[in-house]
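Colleague: One letter stands for each residue in the lines below.
2 protein chains.
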Amino acid sequence: MRNFVPQYNQVVNGEWDIAGLAKRSYDLEGKTVGIYGAGAIGQLVAMRLKPFDVKMYYYKRSRLSNTEEAVCGFRYVRLDDMMAHCDVIVIEAPLTPETEGLFDRDVLFGMKKGAWLVNTARGAIVDRDALVEALEEGHLAGYAGDVWDPEPAPPDHPWRTMPHHMMTPHTAGTTLDAQKHYAEDTRRCLEAFFAGEEIEDDHLIVEGGEIVSGTYKAIYEASESQSSTERLPTSTRADRPSVRDRAASAASSRGSPANGAARTPRTSTVEQNHSSHGMRWCKMLE
Amino acid sequence: MRNFVPQYNQVVNGEWDIAGLAKRSYDLEGKTVGIYGAGAIGQLVAMRLKPFDVKMYYYKRSRLSNTEEAVCGFRYVRLDDMMAHCDVIVIEAPLTPETEGLFDRDVLFGMKKGAWLVNTARGAIVDRDALVEALEEGHLAGYAGDVWDPEPAPPDHPWRTMPHHMMTPHTAGTTLDAQKHYAEDTRRCLEAFFAGEEIEDDHLIVEGGEIVSGTYKAIYEASESQSSTERLPTSTRADRPSVRDRAASAASSRGSPANGAARTPRTSTVEQNHSSHGMRWCKMLE
Chain A
1 MRNFVPQYNQ VVNGEWDIAG LAKRSYDLEG KTVGIYGAGA IGQLVAMRLK
51 PFDVKMYYYK RSRLSNTEEA VCGFRYVRLD DMMAHCDVIV IEAPLTPETE
101 GLFDRDVLFG MKKGAWLVNT ARGAIVDRDA LVEALEEGHL AGYAGDVWDP
151 EPAPPDHPWR TMPHHMMTPH TAGTTLDAQK HYAEDTRRCL EAFFAGEEIE
201 DDHLIVEGGE IVSGTYKAIY EASESQSSTE RLPTSTRADR PSVRDRAASA
251 ASSRGSPANG AARTPRTSTV EQNHSSHGMR WCKMLE
Chain B
1 MRNFVPQYNQ VVNGEWDIAG LAKRSYDLEG KTVGIYGAGA IGQLVAMRLK
51 PFDVKMYYYK RSRLSNTEEA VCGFRYVRLD DMMAHCDVIV IEAPLTPETE
101 GLFDRDVLFG MKKGAWLVNT ARGAIVDRDA LVEALEEGHL AGYAGDVWDP
151 EPAPPDHPWR TMPHHMMTPH TAGTTLDAQK HYAEDTRRCL EAFFAGEEIE
201 DDHLIVEGGE IVSGTYKAIY EASESQSSTE RLPTSTRADR PSVRDRAASA
251 ASSRGSPANG AARTPRTSTV EQNHSSHGMR WCKMLE
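Heads up: the sequence lines are chains A and B, in that order.
For the first sequence, position 237 matches number 237 in the working numbering, and the numbering has no gaps at all.
For the second sequence, position 11 matches number 11 in the working numbering, and the numbering has no gaps at all.
Check each hint, because a few of them may be wrong.
Since the list gives no way to pick out one identical chain from another, each pair is judged satisfied if it fits inside one copy or across any two copies.
Under the rule of at most 27 angstroms between Cα atoms (straight-line distance), these lysine-lysine pairs were calculated in the DSS-like manner [stated by the list, open to error]: (1) K23 x K180; (2) K180 x K112; (3) K180 x K55; (4) K23 x K113; (5) K113 x K180; (6) K55 x K112; (7) K50 x K112; (8) K55 x K113; (9) K23 x K112.
Derived from the structure by calculation, the hints contain no laboratory data.
The model shown is predicted, which means the values in this text are computed figures rather than measured ones.
Chain A extracted, bound-state conformation (with noise of 0.2 angstroms):
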């Protein structure tokens, strides 16, 4: 929303046309921000928007505690109306069945004209040719991403060169910073496991056959019941599930727990302490 990148570029470029950069640059402050999924990301995210004095909401099936809502400076609305009165809206859900695409055409469309849109989650989430749309026809104002469908993203992907588009090649969890943090953890999974010790519950993700990561297990059983749904004819159009069902469905399922109880064997799959933005991205979802 600051038009930084033609900003940058005049810089470069030798120029020095303030008009011409200042007709496309907002500021943040003041704005109305809507988070999509408040799981850990979304509320970490959420914590560091606060004291921009934005003006803050988020869809969740489950709605967060008071304490929740109050530390992370926002508060629950319906999805209906986060989508059509935000002037920023962040997606920090994870790629299942429902939010495969959910933002669709007619949900980026319905979107404040003028709006930005951040997705830090998965590139499938946002229809790829709906976004283009959205952003050369001038309804959306900017996108800003890092995440691509699919990845590594051809040369051709047309987010490459769609209009006012801020977006990097999933490198925002590639830091040297994380990248320690992941060997550090990796290291002491495989230590564990090689000394017949417990792997740390936050570190599960497979035990014994079975997901024990909430998160994880969330995103397989949606996967599995979009699996038995796919045999059945193909809905029309007026059939299918409104963005409010659809999300509802999606956007904070609850998986169970991980058991905290003794289990052997475990299997030494690690869940990565993704860092993204200086973020630990832990369980997307709670």
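Chain A is already provided as a structure; the job is to place chain B on it using the hints.
Modeller: Here is chain B on its own, set in the frame of chain A:
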């Protein structure tokens, strides 16, 4: 520190080379940040950095209260220590004869190797050629700034082409939202003036031929004192005041607070509420 520009450039150039980008990418989380000049702006910067889990210090001639330090999330530190030990230094002090060129070769190369420098205050606080040298030799990892000396910067200004910078052409305070504030406040001053009413103290710099704004008064007085110094023989290198001495007299010199008593006539000079990076630039020093 995220190495954004090369990441964005890969996107638009059709590339995807994560390793080539990660090697200069770091988390802000966990870093030590020092704020030079903790006036109104420095304090806002601190409040907005606080939730990023940084360790934060500040330098200011007059130490803030414990409550102010707690709200801002930083602690007072000696200037020399701050310069030598911080991963990131943020300059938020006004340009005065004492701060002009304060970040010279000695100070820049005295910073921690691999540190980042941010300057959204005034370009002339940083020595032009010494900065280029520090970046080219790899002593500093990066420089982010919105301010130049002179402005507009000539097309061949070396900061346009020095390595690892993230600069903008003094556009941070020129958002459309900020321009609306400028226009509204200017109109308010003019309306009050033509109606023979008081201009709000927050908007008053000069009254009856006297500088009444604390910030501007401090800068003016420092400038006057510098002028008399300049009449003395040029000091040798050894005679120059130390970083600490020079900075101590500059980082937060106190001017007289604007007098609330009735004054007529008032000069309708407007102190703009200069919105920069979402912050209101009011009085830089208290």
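Colleague: One pair to classify: K23 and K113, alpha carbons no more than 27 angstroms apart. Within, between, both, or neither?
Modeller: within (16 angstroms within a copy, 38 angstroms between copies)
Colleague: Is it within a copy, between copies, both, or neither that the alpha carbon of K23 lies no farther than 27 angstroms from that of K180?
Modeller: Answer is between: at 12 angstroms across copies they meet the 27 angstroms cutoff, but 42 angstroms inside does not.
Colleague: With identical chains treated as interchangeable, where does the CA-CA distance between K55 and K113 reach 27 angstroms or less: within a copy, between copies, both, or neither?
Modeller: Close inside one copy (18 angstroms), not across copies (39 angstroms); limit 27 angstroms.
Colleague: For the identical chains here, do K23 and K112 meet the 27 angstroms Cα criterion within one copy, between copies, both, or neither?
Modeller: within (19 angstroms within a copy, 38 angstroms between copies)
Colleague: Go through the copies and call it for K113 and K180: within, between, both or neither, with a Cα cutoff of 27 angstroms.
Modeller: between (42 angstroms within a copy, 20 angstroms between copies)
Colleague: My question is about K180 and K55: at a cut-off of 27 angstroms on alpha-carbon distance, are they close within one copy, between copies, both, or neither?
Modeller: Between. Shortest inter-copy distance 19 angstroms satisfies the 27 angstroms Cα cut-off; intra-copy 35 angstroms does not.
Colleague: Under a CA distance limit of 27 angstroms, which applies to K180 and K112: within one copy, between copies, both, or neither?
Modeller: Answer is between: at 21 angstroms across copies they meet the 27 angstroms cutoff, but 41 angstroms inside does not.
Colleague: Given identical chains, is K50 near K112, meaning Cα to Cα at most 27 angstroms, within a copy, between copies, both, or neither?
Modeller: Intra 21 angstroms, inter 31 angstroms, cutoff 27 angstroms: intra-copy only.
Colleague: How do K55 and K112 come out at 27 angstroms by Cα distance, when the copy is not named: within, between, both, or neither?
Modeller: Within one copy only: 15 angstroms inside, 38 angstroms across.
Comparing the model with each numbered hint stated earlier shows that all of them hold.
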